[in-house]
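If you're matching them up, the sequences are chains A and B in order.
So the first sequence is residues 1 to 288, counted in this note's numbering.
So the second sequence is residues 1 to 171, counted in this note's numbering.
The hints are simulated quantities; they were obtained by calculation from the structure and are not laboratory data.
Note that this is a predicted model, so its numbers are computed, not measured.
Mixed in with the good hints, there may be bad ones.
[Unchecked claim] Computed list of lysine-lysine pairs in DSS-like fashion (alpha-carbon distance at most 27 Å, straight line): (1) B:K95 <-> B:K83; (2) B:K83 <-> A:K54; (3) B:K83 <-> A:K41.
[As the list claims (entries may be wrong)] Where chain B lies over chain A, by a calculated footprint (3+ residues, C-beta under 8 Å): (4) 3-10; (5) 32-38; (6) 143-151.
[Unchecked claim] DEER-style ranges, computed between Cβ atoms: (7) B:E156 <-> A:G233: 51 to 61 Å; (8) A:N68 <-> B:P15: 40 to 50 Å; (9) A:N68 <-> B:S170: 16 to 26 Å.
Beta carbons: idealized from backbone N, C-alpha and C, even for Gly.
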Amino acid sequence: MLGVFEIHEPETAQDASTLLAKHGWEATVYAGGTELLVLMKEGLVHYPHLVNIKTVPGLDGITVDTANNSLEIGSLATHRQLETSETVKERLPLLAEVEATVANVRVRSAGTIGGNLCFAEPHSDPATFLMAWGATLELTRGDGSRQVAIEDFFVDLFETAREEDEILTGIKLPLLADTTGGYEKFTTHERPTACVATVLQMKDGAIDDARLSVGSVGPVPIRVPEAEGTLRGEQPSDALFEAAAEHAHDAADAVGDIYGSANYKRHLVRVLTARALNKAVAQAGRKG
Amino acid sequence: MSAELNSAVERPRMPIRLTVNGRVVETEIEPREMLLDFLRDRLGLTGAKRSCDVQVCGACTVLLDGVPVSACCTLAYEARDRKVTTIEGLEVDGKLHFLQEAFISNTAVQCGFCTSGMILTVSSLLEENPQPTREEIRAHLRGNLCRCTGYWNIFEAIETAIEQQEEGRSE
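Next comes chain B alone, as it looks inside the complex (with noise of 0.2 Å):
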């Protein structure tokens, strides 16, 4: 839209200091920019995924301080001194969490595209709940579609991914 609202006006310009995946980052931004172009474009972390474009669909979930955010949505000024985690930020020293490796072993993936939104969604419900309900778990990603319709394995994953973490604690 913008060739004309914008070729004469100075475009302004901020630092920003922010943490992306435990690692810091420190740049320019303009305060326009969105912070789903930041993390793909500037900093190549492209799990996150723009779909909708309208912070309807999830697939450009990320967590903002451990909170799901729709990156698509969000002005990457947000992101100044806080903690971004994309999906790419999930595993720890080359081992996937137990999320991804559940949806690997229960095939919750199809074509791929809402995949890292449904983890990093989920996996925010589990810091604060545990051991949720299905209702729970289908309340918290009511806001995270899956366009090939593959849900039922989705639930399994999660469900079979909690239960055993629940076993792994209890041994």
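Excised from the complex, chain A in its bound form (with noise of 0.2 Å):
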């Protein structure tokens, strides 16, 4: 049996910070409770109080603001809602896609999109996506909100620069025209062995700009800029994806674990990385 806990049910994002605040390391905030709750019962962690901030309304939206083109999705938003959503599947399919493979139905029906951020599980689908797709993260506590884009936010292992008494409220995507991408992983457990995530920005044919995050090998997700340059400007082939593959091999951080040792998971990089350069120009149905 868990340890002994007292939740806590706020209203406001800002009283969760306050109690956040006042109970210091005695509390963490509690939200779809899939990786929390697993560590508590493991014994690992022990909070004497959970802040449910389920009870804070209004932070499960999935909207479009269309003064700024971009997708706002509220942290307490869950990973099935994301899947099964109508505007994301309009306006953003490939983060439903990338949605409908996270862990297996009840996790995603209970999980929610910001514990799973904030609680930084080097294995994490959507942080790699959401990393190529260059998501912006709203933190809120008492006195006021911070935007961090996503490389800023993990920090490492189970570590992020959410301050102990911030929540994450929210989560931007932009909606770019001409855009693409492809999302590839690897997988044996629950959570991904390696994955890579790519969005590229098409123009006449030639990829106009791209972006390529690498995922699951290594403590936190890694955008990788040397592939990216490799990639802008010049026309989708099967040489030039393999250039970027090497990049991104070269680049991943991997550790050895039991998912796979260091060099195995920077070869699946390799792989996944053409795959998913195949996928999203093949998507755009651009390919020269």
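Dock the two chains into a complex; use the hints.
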């Protein structure tokens, strides 16, 4: 049985932040619980105070901000919501596809996108995808909010730029024209052994801009600027993708663990990078 | 783990009201109680099984407002003011659910430990998608593991049940 704790039910994100500040290390945010409760069951962490932010209304929305041309996702949106949302399927179908492959349907129904990011478990599908897509995160506390680029959010294994009394309240994704993407992963357990996401902006059949991220193989998901530079301004081709994949292989900060050796993971990254790029251009229907 | 953690601590309790298999339950819980323990130990509903205990295998699946969850890793607190359905709640007036009948007639049960989770998970899929493809069934059942590896008969049972339902509707 779990250690004893009390559940708090704040009505606003500010109240939640105040509770976290008041209880310090004794408190943590509780949302889907899919990561937290497992660690508490294993006895790896214990918090006498759980601040249930599911009682804060309005944090689970999925809407399009037409003025800024962005998709706004509340941090309490579950993976299952993102997988099945008509808005996501219409405006950013790749996100729905990525979310549909997270863990299993029970975890997707309970687990939230915000919890997944804040927990910073390295084998995260959404984290890697959102990094390639250029997400911005909104962190809120009693005295206001700040915006953090997702690249600055992941600090280390299970460690983020979120202060102890901050609540992740929203995730913003740009909705860009002529943009295509691909996400590929290799999985034998519930979580990916390696995953690669790419987002390409196409112009007249060429790659105008490229973003590429690698996740699951090391402590945090990373962007691969060398691969992106190789792709930029070029016509899609197998040779080009192989060159980009080589950069991803070299940049991957792979760590050997139960999922596989570091070399094996780097090999997977190379293969998955080429696949993701091929998928992205096939999606755009523009491979020349 | 928690003997020393708990000994000197006041144990908060909270009132809870929920519906389990159509029956209203009003009681008190500790916030730390898991739904699986609550259902099995306090209500005697042992259809949901404890197996992996880390929400990977699906043996403890129950429906919370019709949505499958892992009872092993869900706080009983989450069921407050909601409807819980366990395998015991699928039969109506002593008549088994058509998926239960199909699992029996297709011998889709070996040791039976995964069966209640399989059936509840598929029943939730059929609520939103009455005629799923095999691929859709597989995707939905990806988190329900059969330790006897008898998946073939399970898919046969589900597809047969769906076909029979469809024939029943068109008659």
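Holds or violated: K83 of chain B to K54 of chain A, with C-alpha atoms at most 27 Å apart:
The hint holds at about 18 Å.
27 Å Cα cutoff - pair K95 of chain B, K83 of chain B
21 Å, holds
Counting residues of the stretch 3-10 of chain A that have a beta-carbon nearer than 8 Å to any beta-carbon of chain B, does the count reach 3?
Coverage by chain B holds for the stretch 3-10 of chain A (5 residues, Cβ < 8 Å).
Coverage of the stretch 32-38 of chain A by chain B (three or more Cβ within 8 Å):
holds (count 4)
Looking only at beta-carbon atoms, does the pair E156 of chain B, G233 of chain A fall within the given range of 51 to 61 Å?
Given about 54 Å between the Cβ atoms, the range holds.
Between K83 of chain B and K41 of chain A, does the CA-CA distance stay at or below 27 Å?
OK: K83 of chain B and K41 of chain A at ~25 Å, within 27 Å.
Outcome of range test on Cβ distance (N68 of chain A, P15 of chain B; 40 to 50 Å)
45 Å, holds
Evaluate the given range 16 to 26 Å for the C-beta pair formed by N68 of chain A and S170 of chain B.
50 Å, violated
Proximity test - 8 Å, beta-carbon atoms, the stretch 143-151 of chain A to chain B, at least three hits:
Our answer is that it is violated, as 0 residues pass the Cβ test (under 8 Å) against chain B, missing three.
Going through the hint list in order, the structure does not satisfy hints 6, 9.
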